[in-house]
Amino acid sequence: MSKKILQINSRSNIPAADLVKEFAGAAVPISMVAGLEWKIFAMNEERSEAAGIYLFTDEESLQAYVDGPIMAAMRSKPAFSDITTKVFDVAEQPTLVTRGPI
Numbered sequence: 002m003s004k005k006i007l008q009i010n011s012r013s014n015i016p017a018a019d020l021v022k023e024f025a026g027a028a029v030p031i032s033m034v035a036g037l038e039w040k041i042f043a044m045n046e047e048r049s050e051a052a053g054i055y056l057f058t059d060e061e062s063l064q065a066y067v068d069g070p071i072m073a074a075m076r077s078k079p080a081f082s083d084i085t086t087k088v089f090d091v092a093e094q095p096t097l098v099t100r101g102p103i
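With the working numbering applied, the sequence shown corresponds to residues 2 to 103, in that order.
Treat the hints as calculated values from the structure; they're not laboratory data.
Hints are not guaranteed to be accurate.
Lysine-lysine pairs mimicking DSSO-like chemistry, simulated, CA-CA at most 30 Å apart [as the list claims (entries may be wrong)]:
| hint | residue 1 | residue 2 |
| --- | --- | --- |
| 1 | Lys22 | Lys87 |
| 2 | Lys40 | Lys5 |
| 3 | Lys40 | Lys22 |
| 4 | Lys4 | Lys40 |
| 5 | Lys78 | Lys40 |
| 6 | Lys5 | Lys78 |
| 7 | Lys22 | Lys78 |
| 8 | Lys5 | Lys22 |
| 9 | Lys87 | Lys40 |
| 10 | Lys87 | Lys5 |
| 11 | Lys87 | Lys4 |
Label pairs and their in silico Cβ distance ranges [unchecked claim]:
| hint | residue 1 | residue 2 | range |
| --- | --- | --- | --- |
| 12 | Ser49 | Ser77 | 13 to 21 Å |
| 13 | Val91 | Ser32 | 17 to 25 Å |
| 14 | Pro102 | Pro30 | 17 to 25 Å |
| 15 | Ile54 | Lys22 | 15 to 23 Å |
| 16 | Gly26 | Asp83 | 19 to 27 Å |
| 17 | Glu93 | Glu47 | 12 to 20 Å |
| 18 | Ala74 | Val98 | 31 to 39 Å |
| 19 | Ala17 | Pro102 | 19 to 27 Å |
Note that the structure is predicted; figures quoted are calculated from it, not measured.
Note that beta-carbon positions come from the ideal geometry of N, C-alpha and C, so glycine has one too.
Please work from the sequences and hints to get the whole structure.
Rendered as structure tokens:
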């Protein structure tokens with residue numbers, strides 16, 4: 002079983018302070034997702050972009066999240082547009098050398 006990284010990028014159509022509130026409202030439900038080890042919330046106010054970087058224990062958990070209700074809710078919010086997802090395998094050995102939290 003290989004750990005997986007999920008990267009979600011989107012345009013953010015709201016001010017940064019409101020985006021942080023959106024993140025805060027989503028944090029607890031996201032923290033309870035099966036197979037999720039951690040998530041980093043990120044934003045670039047200047048470019049009106051939001052992102053999430055996630056570490057999942059396996060592909061099945063990751064896909065269940067992408068297909069599940071939290072992502073469906075995100076897609077329905079006018080605060081976000083142009084949502085894209087990318088999936089990556091974790092290169093464990095070099096990541097451990099650089100102290101990556103895997």
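Checked hints:
The hinted pair formed by lysine 22 and lysine 87 meets the criterion: a straight-line CA distance of about 24 Å does not exceed 30 Å. A C-alpha spacing of about 12 Å is found between lysine 40 and lysine 5, which places the hinted pair at or below 30 Å, so the restraint holds. Only pairs whose Cα atoms come within 30 Å are accepted, and lysine 40 paired with lysine 22 is accepted, the gap being roughly 16 Å. As the CA atoms of lysine 4 and lysine 40 are separated by approximately 13 Å, the hinted pair is consistent with the 30 Å bound.
A C-alpha spacing of about 20 Å is found between lysine 78 and lysine 40, which places the hinted pair at or below 30 Å, so the restraint holds. Of the pairs offered as hints, the one joining lysine 5 and lysine 78 holds, with about 26 Å between alpha carbons and a cut-off of 30 Å not exceeded. Taking the CA atoms of lysine 22 and lysine 78, the gap is about 13 Å. The hint holds against a cut of 30 Å. A threshold of 30 Å between alpha carbons decides the hint, and for lysine 5 with lysine 22 the separation of about 27 Å falls inside it, so the pair holds.
Simply put, lysine 87 and lysine 40 have alpha-carbon atoms about 14 Å apart, close enough for the 30 Å limit, and the pair holds. Distance restraint check for lysine 87 and lysine 5: the Cα-Cα separation of roughly 10 Å lies within the 30 Å cut-off, and the hinted pair is therefore satisfied. Proximity of lysine 87 to lysine 4 is assessed by CA-CA distance (about 14 Å); at most 30 Å being required, the pair is judged to hold. Checked against the hint of 13 to 21 Å, the pair serine 49 and serine 77 passes, with Cβ atoms roughly 19 Å apart.
Here the CB-CB span from valine 91 to serine 32 is close to 20 Å, well matched to the stated 17 to 25 Å. Distance hint check for proline 102 and proline 30: the Cβ-Cβ separation is about 21 Å, which falls inside the suggested range of 17 to 25 Å. For the pair isoleucine 54 and lysine 22, the supplied restraint of 15 to 23 Å holds, since their beta-carbon distance comes to about 20 Å. Taking 19 to 27 Å as the suggested C-beta distance range, the pair glycine 26 and aspartate 83 conforms, at roughly 21 Å.
One distance hint, 12 to 20 Å for the beta-carbon pair glutamate 93 and glutamate 47, is violated here, with the actual separation near 34 Å. For the pair alanine 74 and valine 98, the beta carbons lie near 38 Å from each other, so the given range of 31 to 39 Å is met. Against the hinted window of 19 to 27 Å, the Cβ-Cβ separation of alanine 17 and proline 102 comes to about 25 Å, which satisfies the hint.
The structure fails hint 17 only (numbered hints given earlier).
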